Structure formats: structure tokens, C-alpha cells
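The hints should help you fit chain G onto chain V, whose structure is shown.
So you can see what is in the structure, the chains are spelled out below.
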Amino acid sequence: MTEKKSNDPMKQIDQLREALFGVPEEIDADEANEILQATNVDFDAVRNRVYERLRAEAQPFWMEQKELPVSLKRALEEFRPETGPIRSEKELEQRASSKISRVFEAAKARITPNLAVDQLVLSSEFRNEKEQKSAKDQETIDLLEKELLKSIEEEKGDHSD
Amino acid sequence: MANSLSHVSSEELLKKLTAFAVMVFGEFGFLGGEALLPGIGKSPLDYAERIFVDYVMGRIRAKELAYLCHAVRNDIIDDLRSPAQKRTELRSNLPQNRQNDDGPRPPAMDDLRASNPTVEDVLDEETYKARVRRCVEDEPDLKEIVEAVFDLNLTKPTDIASALDITSAAVQARRKKLRRRLITSGIVQVKK
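Quick note, the sequences are listed as chains V and G, same order. According to our numbering, the residues represented by the first sequence are 1 to 161, in order. According to our numbering, the residues represented by the second sequence are 162 to 353, in order.
I should point out that these hints are in silico values taken from the structure, not numbers from a laboratory. Quick caveat: nothing in here was measured; it's all calculated off a predicted structure. Some hints here could point you the wrong way.
[Stated by the list, open to error] Listed next, the stretches of chain G that the computed footprint assigns to chain V, with coverage defined by at least 3 CB atoms under 8 Å from CB atoms of chain V:
{"hint": "1", "region": "186-198"}
{"hint": "2", "region": "216-226"}
{"hint": "3", "region": "330-337"}
Glycine residues also receive a C-beta, built at the ideal position from the N, C-alpha and C atoms.
Same shape as in the complex, but just chain V (with noise of 0.2 Å):
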């Protein structure tokens, strides 16, 4: 019924100490929980200065391109805010495209509105103006006038799709 001593002391007190206080397994998550409130332990802080620290360890990683051990990843994933910054360079790649779309649609919805080709009407100003233009002139500002409505035309085309 009695157990056997030790003769390291360390390890006698350790026995001791599991006898009266029990193994690190007996703390559930209840517990672990009211021992943090208990002594004040700000669990949130933690975890972000831990979250950081992960963070740091996984910046070689991510610089040469290489898988992050399971466990890392598993915990980065776990403790990463909301609004935290960008764990990986497959998440930096998939952010800046969608940031990237998201300029190229604020940029047509603000182009789109002045391509109104339906109602384009170029100036007949120049093209008809009778001094100091030769026929070859009127033939090259006819030319150069369906090109830039055809350009204009295949520009519309291409922010239709």
C-alpha cells in the first residue's frame, strides 16, 4: 500500500506533491480556467503575446516558402484575431488579389459612366476645318477618328464581360 522512496530529493518532493496536489492531468479546463481568474492571469493578453510570438517563429517559414510544422499552424490558426494580420504568403497572395479587384472595380465604376460610346460625339470642330488642311489631312483624321472609336468600342467590350 505505501510507495517506494526515492532517493533524489527532487523527485521525493515531486511525489509529494503529486500525492497532496494531484498530476498536471487532474486540471481540467474548468479549473485551469478559475486558476487564471483566480490569480488575475488576463488569458486574452496571453494568448496575443503568444500569438505573436508564433508569428515570429513562422516568419522564416513563410520567407522560404516552407510548409509550417502542423502544430504551428494548428495554433496560429487558433489564436489568430479577427483583425490580425496575414499569416501566410498564400493569404498575402489571396488579400492583395481580392484588394487588388476590389481597386480595379472601384476604378471601372468610376470609368465605365464617361465610356458612354452610344453617345459619344467627337468634336467636328478640327475635322472641319477648312484652312491649312490638305485632302491627305481630312483622309488621316477620318482614319485616326475610326480607330479611336473602335478602340473605344473594344474598351467597352472588355469592362461589359
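Relative to the frame of chain V, chain G by itself:
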């Protein structure tokens, strides 16, 4: 009871390691999550964080929580035994200058006694037992557990339960109460 780390989430693991570090600090008389080891300047959170990060990075290979908790405790004890920590306990040998006036003199270093015992004190078996006994003097149910462990050399909950004629669950409940006392009062403040 989840022994395997594979079933414990990262958050739960960090919480448990932090709670355990707080308990170890309590053993040495440093109470509260914000307590710092004199001369070292580390809190329970620092120790829990280090072991947690080392585990996550694969620098510590462990399958059970107990292993990581022991690592936390060993780190704390190593620091308590370090020269940096010991230097903080040295007291000045310089003779004190007595003041001529009768007014109160400011405290000198020699007047400031360490409020916490050395790690050797705590890790001495007899000292440890004496402190724990005093700590539970006013709590009969805890006192019974302590006597069963110290006097009958019982360590397993089933054996303690059998000796005290209570259930194993009751032993676990009393242990939990002891843990609570450990973090709120510590055990080493109790003088020998």
C-alpha cells in the same frame, strides 16, 4: 481525463500550462499571475509561453501534458537556483551607521529580510512537509489528506481514499481544494 496532447487544443494547452506555472509559483511563495521571480524578472506566463512555443515548434517532443508541466516546473526551479536569483537574496555585511538623533532611521539592506525562502528550503523534504502541515492546520479535511500522504506514504488516490474511508472522487475534490489554497495562499509563507 485527456492525457494525450493530441486531444488538447492549443488554447487549452496554453491555459493549462499557465495555470500550472501559477501553481508552481505558489509553491515558492510567489502569488498571482503577475508575480515575478526576484532577480530573474519572469512571470508564470513567461515560463508557460516558452514551453508552449517550444512544443509547438517541435523543439520539445512530448505526447503528454505531464511532460510539459514538468518542463515548466524544472525551468522555474532552474531559474530559482541560478546565480542571478541568488544574488538578490544576499544581504549587506557593511556595518550600519547609527544616527545620532533619536528619530527613526531609514531602513538599511540588512533590515530587509527576504519574504520568501530559498529554493533549497522549499525543496528540502522535511521543510516542505512542515510548511504544508502548517498550511492545512485549520482545515481538517485537507489535514487528513496531508497526513495520509506524509505519515502513511500513500500517493495514489485509491489508496488515500481507502485509508480515509472516503471515495476517490472525494480525494480528488480535496486535492482540488488544496490546489486552490496553493494559488491563493501559497504554502511557503507558512513559517517552519
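Going through the hints against the structure:
{"no.": "1", "hint": "186-198", "verdict": "holds (count 5)"}
{"no.": "2", "hint": "216-226", "verdict": "holds (count 6)"}
{"no.": "3", "hint": "330-337", "verdict": "holds (count 3)"}
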